[in-house]
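There are 2 protein chains.
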Amino acid sequence: MKARVTVTLKAGVLDPQGQAIEGSLKSLGFAGVASVRQGKVFDLVLDGTDEAAARSALNSMCEKLLANTVIENYAVEISN
Amino acid sequence: MKARVTVTLKAGVLDPQGQAIEGSLKSLGFAGVASVRQGKVFDLVLDGTDEAAARSALNSMCEKLLANTVIENYAVEISN
Numbered sequence: 001m002k003a004r005v006t007v008t009l010k011a012g013v014l015d016p017q018g019q020a021i022e023g024s025l026k027s028l029g030f031a032g033v034a035s036v037r038q039g040k041v042f043d044l045v046l047d048g049t050d051e052a053a054a055r056s057a058l059n060s061m062c063e064k065l066l067a068n069t070v071i072e073n074y075a076v077e078i079s080n
Numbered sequence: 001m002k003a004r005v006t007v008t009l010k011a012g013v014l015d016p017q018g019q020a021i022e023g024s025l026k027s028l029g030f031a032g033v034a035s036v037r038q039g040k041v042f043d044l045v046l047d048g049t050d051e052a053a054a055r056s057a058l059n060s061m062c063e064k065l066l067a068n069t070v071i072e073n074y075a076v077e078i079s080n
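Quick note, the sequences are listed as chains D and Y, same order. Quick note: the first sequence uses this note's numbering, first residue 1, plus one each step. Quick note: the second sequence uses this note's numbering, first residue 1, plus one each step.
It is possible that some hints are incorrect.
If several chains are the same, the list does not tell them apart, and a pair holds so long as it fits within one copy or across any two.
Straight-line alpha carbon distances no greater than 30 angstroms define the calculated DSSO-like cross-link-like pairs of lysine-lysine that follow [unchecked claim]: (1) Lys-2 - Lys-26; (2) Lys-10 - Lys-64; (3) Lys-10 - Lys-26; (4) Lys-64 - Lys-26; (5) Lys-40 - Lys-2.
Since the hints were made in silico from the structure, they are not lab data.
Just chain D, same shape as in the assembly (with noise of 0.2 angstroms):
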């Protein structure tokens, strides 16, 4: 089983990184570009075949590993 998670920042937490990107885009020439921020995705491939159970522990990973829940979201998409 294929999963994504995604991990983003909370809005309000401030993203120095996206802020760099986006002076980085408008120094070479796009303009119109009001914001970035930048964030984690994770492509996992799991053993097993229930979709219930994978979600369970996806979401106990990103709570323990994967993202820093006081500043960050996550968002976990199975596919088979």
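Given chain D, work out where chain Y should sit, using these hints.
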């Protein structure tokens, strides 16, 4: 207009960061994780409402700055 750019390593490119996460997940007791690969996600807000122009600009941003197309793939999603 909002856009999400997802940048992932091409198949075959070594991902030591993903391997480290996979090892950490296993040592935290998550069995059944067959593989982890890490990528990046960029959430952009763009001025303007022309979706075709935005898509073209985003592809150009990926080619020039956001992705290293030698080793990375990118995907662009636009949501209004």
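*Numbers of unmet hints, in rising order*: none
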